[in-house]
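4 protein chains.
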Amino acid sequence: MTSNLEILVQDIKTFVREELYPLEPILLQQGYYAVEAAVYEKRERVKARGWWAPSIPRHYGGLGLNLPDFARVSEVLGLSFLGHLTFNCQAPDIGNMELLMEVASDEQKERYLMPLIRGEIRSCFSMTEPEHAGSNPLYMSATAVKDGDDYVINGHKWFTSSQEGTAFAIVMAITNPDAPKLHQRASQIIVPTDTPGFRRLRNIKIMGEAGEGYFTDAEIVYENVRVPQANLLGREGEGFALAQMRLGPGRVHHCMRWIGICERAFDLMCQRAASRELSPGKLLAEKQTIQHWIAESRAEINAARFLVMDVAHKIESGGAHAARVDISLIKFYVAGVLDRLMDRAVQVHGALGITDDTMLAFAYRRERAARIYDGPDEVHKSAVARHILKEYGVNVSI
Amino acid sequence: MTSNLEILVQDIKTFVREELYPLEPILLQQGYYAVEAAVYEKRERVKARGWWAPSIPRHYGGLGLNLPDFARVSEVLGLSFLGHLTFNCQAPDIGNMELLMEVASDEQKERYLMPLIRGEIRSCFSMTEPEHAGSNPLYMSATAVKDGDDYVINGHKWFTSSQEGTAFAIVMAITNPDAPKLHQRASQIIVPTDTPGFRRLRNIKIMGEAGEGYFTDAEIVYENVRVPQANLLGREGEGFALAQMRLGPGRVHHCMRWIGICERAFDLMCQRAASRELSPGKLLAEKQTIQHWIAESRAEINAARFLVMDVAHKIESGGAHAARVDISLIKFYVAGVLDRLMDRAVQVHGALGITDDTMLAFAYRRERAARIYDGPDEVHKSAVARHILKEYGVNVSI
Amino acid sequence: MTSNLEILVQDIKTFVREELYPLEPILLQQGYYAVEAAVYEKRERVKARGWWAPSIPRHYGGLGLNLPDFARVSEVLGLSFLGHLTFNCQAPDIGNMELLMEVASDEQKERYLMPLIRGEIRSCFSMTEPEHAGSNPLYMSATAVKDGDDYVINGHKWFTSSQEGTAFAIVMAITNPDAPKLHQRASQIIVPTDTPGFRRLRNIKIMGEAGEGYFTDAEIVYENVRVPQANLLGREGEGFALAQMRLGPGRVHHCMRWIGICERAFDLMCQRAASRELSPGKLLAEKQTIQHWIAESRAEINAARFLVMDVAHKIESGGAHAARVDISLIKFYVAGVLDRLMDRAVQVHGALGITDDTMLAFAYRRERAARIYDGPDEVHKSAVARHILKEYGVNVSI
Amino acid sequence: MTSNLEILVQDIKTFVREELYPLEPILLQQGYYAVEAAVYEKRERVKARGWWAPSIPRHYGGLGLNLPDFARVSEVLGLSFLGHLTFNCQAPDIGNMELLMEVASDEQKERYLMPLIRGEIRSCFSMTEPEHAGSNPLYMSATAVKDGDDYVINGHKWFTSSQEGTAFAIVMAITNPDAPKLHQRASQIIVPTDTPGFRRLRNIKIMGEAGEGYFTDAEIVYENVRVPQANLLGREGEGFALAQMRLGPGRVHHCMRWIGICERAFDLMCQRAASRELSPGKLLAEKQTIQHWIAESRAEINAARFLVMDVAHKIESGGAHAARVDISLIKFYVAGVLDRLMDRAVQVHGALGITDDTMLAFAYRRERAARIYDGPDEVHKSAVARHILKEYGVNVSI
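Protein chains in written order, with our numbering: chain A, 451 to 848; chain B, 451 to 848; chain C, 451 to 848; chain D, 451 to 848.
Mixed in with the good hints there might be a few duds.
Identical chains share a label here; the pair holds if one copy fits it or two copies do between them.
To be verified - Cut-off 20 angstroms, straight-line C-alpha distance, at most; resulting in silico cross-link-like pairs (PhoX-like, lysine-lysine):
1. K631 - K732
2. K497 - K463
3. K840 - K732
4. K840 - K631
5. K492 - K463
6. K732 - K497
It is worth saying that the hints were derived from the structure and are not from the lab.
Start from the sequences and build out the full structure, keeping to the hints where you can.
In structure tokens form, the structure reads like this:
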């Protein structure tokens, strides 16, 4: 790490700790809307510091970090659940920005990309369907049928994350049902959320909370939603190719964010062990089990970071395709580390650990999804093995 | 199992599935008060069937099951989070009833026990303090000082479960601060919840939900709460002895309830595996990992049930003290099985698993407490080892 | 357990500890032949005590215990690696005896069964082939072709356990290659080991030792081995059916033997923890990790015993077929417990644990096979799941 | 990795595979002396290639690799159990060479170090005592008492690795029993193994094998062993300081050797999965469990390598003391990875896995020691936690 980057990372870490940690209790106890104004005020400070949209190229108005450098920043942003949002590099907007920079028309960029980058609007990505296994995205029912100059979209989606408050969705729908290959049937289309027929059924209640605003996951029906064909992203039938494209850097972002969560949990775990008395003068930290959890956690977090940073460098130098096996590998490995860290940190906190008085319970229940979304770990493990076994001359089904 | 018991268990299981499962989505999506009336209506059916208060002796108005038989019933009640409540054998009321039957004066029985048994009121148990490790109950700050004919109680408690809606609390407080032994300093005292100075600060938000009514955990301050000395349970200084007394059968109840949850999760997991298609015609159940989770879960649940039923029989024949090591053993063993079951069942359900559209997410996050309350697993494991190592001639600290 | 059985089990346990434990260092350091004479001398004492061949019916000359009672005895015999051999209920002879009692002709019984029961000879079972996965016994190459009054057997077998020193083998070979169903193609045939063409290539070196005598696993070629057709067991094509028949009670024997090994390891682990000083006056037993291993081991062994004894009772009352799913279940569950026990006991012993100065290293490396033989755990888990999933209406491949 | 190093590593890997793999079956089936001559012949080829003693500085006659570069070489040497021995960088000689280079007198170097470097002799290190826990090296009984110009050494040691065939031992013994600090009481002294009173009681039988030559672990008594005081290494009382000094780079060597073993096991596991048929045409590699083991193993090995290489760089740039916490961390982390890899690879091989027909069983049983020697994992975990917790202001006992 060059020293400039090191300074940047430390400065951002300090900012997250000093400016964002104090907002967390409000988020945890009162919900997103109770902190939204404060977050937007912090966003101005971020802009003033020159840190805005750290992964976006400078000519688009961002800080212009390359993937490995942004990965390091993503980790320290991940220390708080408000980090990425405050720096305008939160999922799913960051993925949408990356996609739009790559394939959007000039008009699409002007209308959708630039307001996103400037932080004026938020967006969402509408792909997963309740009727089909998310682990197999090729298996999809939503359709977009041409009618005059428009597409007419019908479908049922859920886990359209952060939809509440967004200006537009990017929707995956089947446009070419007769294409010979399954992965050439779908397209990605921009749908403003105020389009007639776009209807949110609910914010799904997940692990006890339906959430608010950015912290929601919507179930949506698209009923004869009509948008101009000009809202198509890239070419017809490219939907899966575009979806794949966003996954590589996206997994690095996620994994580094998870590592940030791990570091936060690790810090809380150590603080707790070092301060909680089991009896007068007898610290929790004296317990060998606690000591072992601390040591194992340290090893696992360090290992996870090395693996992810290696992938970041590989993508930076060779592209996402060349690193795709390693991308699958870090998905399940880091999700596993995250899972164990949350569990240990909760246990070390005892009854406090299951309350929303710390960020741990939020992380424990919310990030349980890490082993599921973007493909469950089981699928990624088989994908990695499938690739390895090809070198041994066999082509296994998974 | 005698065949009469087998019929009873099957009948109750059918009742739980047919009458209580349909209430669960309302509980999960709308909260306790949305189902409370329905639960109380079901309670009348339970009474009509002769199943009311299954663990309470007949002369008090219950069904009079002994511990092993009630354990079997507790398992099938545990299939639904509304089971025990509907049958009036829910914690903490069941523990309070058992305690009051054992030590209450005639007046205390008339005023507090009988309305509990009849289901007219609910109660709570106020012991854990946020400032002290729950794993060491001897380490407590709340005090009850004699003043005239009264006790004046001051203290700060949390995790006073199900307090909202209760008529009285049983409070642990130090009455004899100078007693030579730590475990002779505290007493248990009945405190009506409408006594001046009894103040609920909040229902603690736990894993995303503060909950309502029965499904709450209160943080309470006792500020100069004055109750008659006649509200003392048993003798002064007996607080810990009484607390111990409730733990033996209580752990059996809990463990069998957990096994019920495990069976429910197991059933949902198998249903999901047998119906979810990964691609047209390709079932999730074909995956070896899913198969192995099913097999391992079956083995672990069966093992857990054998262990707990063995303890139930031991307590029934020899008393809780003789079985105390086994009671610790089932605490951590069954909590571990529960933890693994919930995790597997969630994972098998994918995105659905983390939503509140099934009971799994509720169980996953709510029962995370199982490894913590009534003493964290780590303490119970050391307690078991300490006992075993005595047979090898050493007296270890834990 | 009836009190007579309890007395028997305790007496046999005392015998194993007092008479067989002292032979173990000789076995471990000098090999089987160094203790063989002593073992045969102990066998006479066993006969004198009336304990000989405990699972064999009285009219054949055994003690006549039913399966659950023998299971209890098998556990205490399992405390020593010499237990079953000394009592003449060691695998594979016990399985061969059970088979011969069931299906042998009078002449076969006279010639092969009775000397086995009397302990005059030993036998082996020759089924697994190196070229084929042991997990799929239907997939076999050895053949037995009729020629005149004889069968002429050709094949290549390995893991023919305990072959060195045996009088005869029971060989599985394809006799009906054209039978419509795979499982109707093989037969079991008695082959005296001095028959021309029966050739042991080697005692396989397993985890460091080729072993001697009873403690060997042979690789064998059958080259035109000619035996009378009268040596056929049961009917032609019944080979797999007979193999299945021996597995049910056999797994109970094995599992209880494993539990005996676990109890031995547990005892050694506790002894070590209670005596080893990390520094003057500071016992290993004070370490929380050690305490937790002890507690977890106690829970797991108890759970394993309950599961196995339940299967023993099921087989006794309903036959092996009715219990076949539970038989698969205990196979993998108890093998897992055994694996963890051995690992913990070795670790607690430190450097001593990996030496052959205790029985632990022998158990650690030798019983690693437990997760593999009689079908690897992975196969049994899928078999259990397959059965469970049938109740959910699906028929999965495994 | 610079490209020169990459070429070197690949060349050595090719050498190990082509020249040493073929010797392994002889080692495994016939023992060390059956391959010793071949190994010494291969050593000449290694010298001819310029690879001899890769970690030893050029002016002493080695290849002069720095620690990170040698770490990479150590991994590929670790692919075979004969790798390090053939390249003259095997433990314990490499540790003795490093020590002697650092502290030996000119005469000691001439007499002991140079023949070691030239590969003319082997040496051993005699520290662990059966009576004391190896996890606490300060707790030692052997003594070296001055008498005239000599030391007279008495003591009882075991796990003096590779002693058979050595020319000298470096012995740890108490020379200053009254030193105020425990760690200032012992010294390291060179003892030629032909000195009167140096007596090997036995090569300890470990996991089934006493071994031969290099592959042995001796139990030794020192009975009035008299050596000149000139054989003292460094200064009196420095024994523990010198022992610590060897541990840092030594752990890196070991860990990279373990990673080599892991890669070998991984390769065998994949080969097996890709070739073993469960039934005609149905490969083991199709099984999801096998796929997951492959993927998890790949992730864990990669993670382990990153962690160890990071430590190698830290030691190279900042010295072993600065990296001591990370050195503890890799000890337990990589030992854990090794343990899991061996277990999975054995299981994938089924019955073959437990035989000595592959190197897996040797690795499985022999490297079980990895979690024990140089301090059991439990001690290292607590040491790491102790250091971390200091940053949180507490000083815990371990």
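Taking the numbered hints from earlier one at a time, note which ones the structure violates and give those numbers from smallest to largest. 4 and 6
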